[in-house]
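Keeping their order, the protein sequence lines are chains A and B. Taking the numbering used here, the leading residue of the first sequence gets 1, the next gets one more, and so forth. Taking the numbering used here, the leading residue of the second sequence gets 466, the next gets one more, and so forth.
Once the Cα atoms are required to be at most 30 Å apart in a straight line, the calculated BS3-like pairs of lysine-lysine come out as: (1) Lys487/B to Lys457/A; (2) Lys455/A to Lys484/B; (3) Lys307/A to Lys369/A; (4) Lys457/A to Lys484/B; (5) Lys455/A to Lys487/B; (6) Lys515/B to Lys484/B; (7) Lys206/A to Lys438/A; (8) Lys40/A to Lys438/A; (9) Lys206/A to Lys40/A; (10) Lys40/A to Lys455/A; (11) Lys438/A to Lys43/A; (12) Lys145/A to Lys546/B; (13) Lys43/A to Lys206/A.
Simulated from the structure, these hints should not be mistaken for lab results.
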Amino acid sequence: MATLAHPDDLRRPNIASADIQLPAVTSYEQVDNEILAVLKPTKAWFASLMLAIACLGLGAFSWIYQIHQGLGVAGYNPPVMWGVYIITFVFWVGIGHAGTLISAILYLFRAGFRTTIYRAAEAMTVFAVMTAGLFPIIHIGRPWKFFWLIPYPNWRLIWPNFKSPLVWDVFAITTYLTISTTFLFVGLIPDIAVLRDRETNPIRRKILGFLSFGWRNTEREWRHFARAYLFLAAFSTPLVLSVHSVVSFDFAMGIVPGWHTTIFPPYFVAGAIFSGFAMVWTIIIPMRRWFGLRHYVTLNHLDASAKMVLFTSLVVGLAYMIEFFIAWYGGVKYEQDYFWNRVFGQWWWAAWIMLTCNMILPLSLFSQKLRRNPTWLWILSIFINIGMWFERFVIVVPSLSHDVEPWQWSSYMPTWVDYGLLIGSFGWFFMWFLLFVKQLPVMALAEIKEIIPPKMKHTHSHGGH
Amino acid sequence: MMGVFSELDSTVEAIEELKQRKMGDLTVFSPTPRHELEHAVHPPMSGVRKFTLIGALSGVCFGFWIAIWGSNYWPLVVGGKAISTWLPYVVFGFEVMVMVGALSTVFGMFYLAGIPRLTMTVGYDPRFSRGSYGIFCECAPEQLVEAESILRRHGAVEVRGEK
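Chain A on its own, in the form it takes in the complex (with noise of 0.2 Å):
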């Protein structure tokens, strides 16, 4: 099937007419029809749901050999008390950012190549929030106190530290979490409605009838959904801009040498964004070549958003070259020599992963031709993954082992348990996705309808969509 209809398009997409359309399809039954075929059942499928499966139980033996054996068996090092548990809780935030991104921001500035990559977003934001959110569980070593960081008057009557940035990510993360969910259900219900009206089985389809909560497709639902639509995308808007602030306050508010800085929240969303962009095109390109649905995420969708990424890749870049300026500028020792030991120094490995796969490898991207190769966004897309996380490893260990005090500096070096939390919080992610796209429609039925010219008895009647 033909991906793009005109010749004229094959190097013109154009971001921000939103004039992303999708020639290849026709009509709303093909929509129905191909997307949800998506729903079946495959081997590969089922391998991949398996292969998920195995790196949460590999996860779940790390969690509970370390609560049987205690916090030691981590690689904590006094001072670096922050480990591969706050680097990969980062990690999973900043992943979770595309989704909302995509689904609000990009909603709000009517641009369309978000249309057939939205739904796959959102539901990846939720589950990244909901693998970011063990970790600070994990992290404090006796699970069963986390309950000690939400305010409620407990039985001593003691309320949290409201001046802590840590109470402020409670409240920031359940936020994020709660609305996150909230505005991929809100814009399921429509869809599930199809699902319920094609369902056979009598009990799916009461299933799904209690889940499209009795939807019925008329103008008046239709009417206050899109207002609802158009106010959850305005919340999520300046939500998402403060959550990655707020993480960003966990280590900005530290007088700490690379972490004290006012740059952080901006640096933070840039690269959360940057992130979350590189973790769609990991899931959308093999989506979109297995499930046969290369004409709705088409080149011009990738190409859209391969600018994105560029133009992330550079606001990064940036903050790291602002890091690195204001540490010689601002005359402070402690901050030159960390920023020294940081890339020539101790930690040099990590920060030459981080500055190659986050600001060398994206500059490709100005290249038109590889901005249209799905092959090259797909390694590149995992490059940044694996850069993206070495970016929250260089922020958080080099400047805990490295701080003001020399007689303290030391070391850091993960265990198998830690690495064993980090392979099982992939597992819970993508068999969380995996699942997911196969009981739900992985795109945007009602949405993806509204781009296709309806079907008309006149040809220029009513002047169209």
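The hints should help you fit chain B onto chain A, whose structure is shown.
Then chain B, alone, in the frame of chain A:
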């Protein structure tokens, strides 16, 4: 009287004529939101925004209140620092505003759209979620014939009476 249409413009024309002839309340079904239908039906503006505003204001007040009250109730005294202070509490005000505002928006949508609904009630056809449009006209018994003729004249692929 229920009419099922396969074309958008036919549906719009039928709505316009039914409204012009004051044939009673209309419920319009569509597989996807369409501005053409909204213009033809000319409904009042959605009231969801009131729920959003009330929810957001309640949220921001609660967010600030919980932080200020909690700090004063269990004071963590640090030399030279205020017990409760506005700037960091903006985080609580903002986050709780978003949470309560968004949830009340969804509640408002459900309330105004009349969902959750346990049954499909009269006048629903599974074709409306696939690709067809529908008009359910709640007219008086003496107008039934005229409503049927309007729906057929504008190209309804099926017209049926519903009770």
